[in-house]
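Undergrad: One-letter residues, chain by chain:
There are 2 protein chains.
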Amino acid sequence: MKLFGYYRSSTSYRLRIALNLKQLDYDYVPVNLVTSEQKGEAYTARNPFGSVPLLEADGRERAQSMAQLEWLDEAYPERPLLPDGIEQRFTARELAYAIATETHAPNNLQVLKYLKEHFGASQDQIDTWYRHWLTRTFTPIEARLAQLGTGDYLFDQPGLFEVVLLPQVYNARRFALDLSATPHIARIEAACLALPEFQRAHPDNQPDNPEFSGPEKD
Amino acid sequence: MKLFGYYRSSTSYRLRIALNLKQLDYDYVPVNLVTSEQKGEAYTARNPFGSVPLLEADGRERAQSMAQLEWLDEAYPERPLLPDGIEQRFTARELAYAIATETHAPNNLQVLKYLKEHFGASQDQIDTWYRHWLTRTFTPIEARLAQLGTGDYLFDQPGLFEVVLLPQVYNARRFALDLSATPHIARIEAACLALPEFQRAHPDNQPDNPEFSGPEKD
Numbered sequence: 001m002k003l004f005g006y007y008r009s010s011t012s013y014r015l016r017i018a019l020n021l022k023q024l025d026y027d028y029v030p031v032n033l034v035t036s037e038q039k040g041e042a043y044t045a046r047n048p049f050g051s052v053p054l055l056e057a058d059g060r061e062r063a064q065s066m067a068q069l070e071w072l073d074e075a076y077p078e079r080p081l082l083p084d085g086i087e088q089r090f091t092a093r094e095l096a097y098a099i100a101t102e103t104h105a106p107n108n109l110q111v112l113k114y115l116k117e118h119f120g121a122s123q124d125q126i127d128t129w130y131r132h133w134l135t136r137t138f139t140p141i142e143a144r145l146a147q148l149g150t151g152d153y154l155f156d157q158p159g160l161f162e163v164v165l166l167p168q169v170y171n172a173r174r175f176a177l178d179l180s181a182t183p184h185i186a187r188i189e190a191a192c193l194a195l196p197e198f199q200r201a202h203p204d205n206q207p208d209n210p211e212f213s214g215p216e217k218d
Numbered sequence: 001m002k003l004f005g006y007y008r009s010s011t012s013y014r015l016r017i018a019l020n021l022k023q024l025d026y027d028y029v030p031v032n033l034v035t036s037e038q039k040g041e042a043y044t045a046r047n048p049f050g051s052v053p054l055l056e057a058d059g060r061e062r063a064q065s066m067a068q069l070e071w072l073d074e075a076y077p078e079r080p081l082l083p084d085g086i087e088q089r090f091t092a093r094e095l096a097y098a099i100a101t102e103t104h105a106p107n108n109l110q111v112l113k114y115l116k117e118h119f120g121a122s123q124d125q126i127d128t129w130y131r132h133w134l135t136r137t138f139t140p141i142e143a144r145l146a147q148l149g150t151g152d153y154l155f156d157q158p159g160l161f162e163v164v165l166l167p168q169v170y171n172a173r174r175f176a177l178d179l180s181a182t183p184h185i186a187r188i189e190a191a192c193l194a195l196p197e198f199q200r201a202h203p204d205n206q207p208d209n210p211e212f213s214g215p216e217k218d
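For the protein sequence lines, the chains are A and B, in the order given.
When we follow full-length UniProt numbering, the leftmost residue of the first sequence carries the number 1, and every step to the right adds one.
When we follow full-length UniProt numbering, the leftmost residue of the second sequence carries the number 1, and every step to the right adds one.
Everything labelled a hint here was simulated from the structure, so no lab data went into it.
This structure is a prediction, so every number in the text was calculated from the model and none was measured.
Treat the hints loosely; a few may be bogus.
[Unchecked claim] With a Cα cut of at most 27 Å, we get these calculated DSS-like pairs of lysine-lysine:
hint: 1; chain 1: B; residue 1: Lys39; chain 2: B; residue 2: Lys113
hint: 2; chain 1: B; residue 1: Lys116; chain 2: B; residue 2: Lys22
hint: 3; chain 1: A; residue 1: Lys2; chain 2: A; residue 2: Lys22
hint: 4; chain 1: B; residue 1: Lys116; chain 2: A; residue 2: Lys113
hint: 5; chain 1: B; residue 1: Lys22; chain 2: B; residue 2: Lys2
hint: 6; chain 1: B; residue 1: Lys2; chain 2: B; residue 2: Lys39
hint: 7; chain 1: B; residue 1: Lys113; chain 2: A; residue 2: Lys113
hint: 8; chain 1: A; residue 1: Lys116; chain 2: A; residue 2: Lys39
hint: 9; chain 1: A; residue 1: Lys39; chain 2: A; residue 2: Lys113
hint: 10; chain 1: A; residue 1: Lys39; chain 2: A; residue 2: Lys2
hint: 11; chain 1: A; residue 1: Lys116; chain 2: B; residue 2: Lys116
hint: 12; chain 1: A; residue 1: Lys116; chain 2: B; residue 2: Lys2
For reference, chain A alone in the conformation it holds in the complex:
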């Protein structure tokens, strides 16, 4: 498999975690979003959406991270991202899709660019916007996690929810969002970041991160 991605793209980060959790090998192909490489003809010929991540797998170029994750779990059912029971699957998806649609989407790089270019948004305004959509979803997710009595993970082991949550927690840290009001989220973050599958997927450890200094020594 080939994963076309960008180190700081939270949707690319989702796929890296998921592939690691499922123990599926992949080659990582960096696509530079800052120079708009994803809008170039070479790339849009592969992916008309002009987005990352793109997963080249089983003879097909696959766009859209949530569709990729659902597909991975159906095509490679070992080490599932979604639990077995229909109700548990709903629980995971409700929280994962809340992040995918209500937080990630308005905070996407393309949206932020539009705000700067068409509304003259300052960096302060961007930061406020960014934290607004994070808080707006983290607060009800925290409420749901409290209702569910969640431990280190939503279920016994990390899956679809953690795959989608951790990249947003990374963004929350970058944008200096205070997570003290969301202790369940902070606890899940700590538990996941202790796992090698999440560590290897982290933006700090990607070759296209300008601050990347090579694989960590054992």
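Given chain A, work out where chain B should sit, using these hints.
TA: For chain B alone, coordinates are given in the frame of chain A:
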């Protein structure tokens, strides 16, 4: 089942279509987004996300439309929204999730309100924004549909893709987007609008639409 929704909310419209296609009865409970009823305590006690649609079904209050649709298809497998084959399921989800995350999300009413309140966006600027995100996703979807040689529907009968597409085509018409460049989308729209399942789900035919004049006569 009870569906809490708003006539013009495109995610509520998704659920109405899906429930009709699956021939599942439901009571429709209008929630007035214009007066922010969804932010009131009575409603957020049911749905901490403060969003529509909310599906009360099988003893549980379920938020997040994409999770609701996936759940409906697992809990009520008759008249499936997703096809059988893993590859076909990916095809449907890639296109459906593109709309859910890249078009619907930035054009959500909450985002438009934020643009007006914090960036002083004029109605012209809102309209341009709105059409921008529609076009940005409709164009690659049209490319995919052309690649797939799509007919009246993505597959033999309408399913997840059409459930998510039609509400956005309705929005496109409201915002005067020219659909002549996307003939596959326009053809799917015409085929779906001819079906009673889509007609009954249409915003024009909901009791909370101020212009609603009662059920159509036979």
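Undergrad: Could you run down the list of hints and mark each one as holding or not?
TA: Verification of the hints:
no.	hint	verdict
1	Lys39(B) / Lys113(B)	14 Å, holds
2	Lys116(B) / Lys22(B)	38 Å, violated
3	Lys2(A) / Lys22(A)	15 Å, holds
4	Lys116(B) / Lys113(A)	18 Å, holds
5	Lys22(B) / Lys2(B)	15 Å, holds
6	Lys2(B) / Lys39(B)	19 Å, holds
7	Lys113(B) / Lys113(A)	19 Å, holds
8	Lys116(A) / Lys39(A)	19 Å, holds
9	Lys39(A) / Lys113(A)	14 Å, holds
10	Lys39(A) / Lys2(A)	19 Å, holds
11	Lys116(A) / Lys116(B)	15 Å, holds
12	Lys116(A) / Lys2(B)	42 Å, violated
In summary, the numbered hints that this structure violates are 2 and 12.
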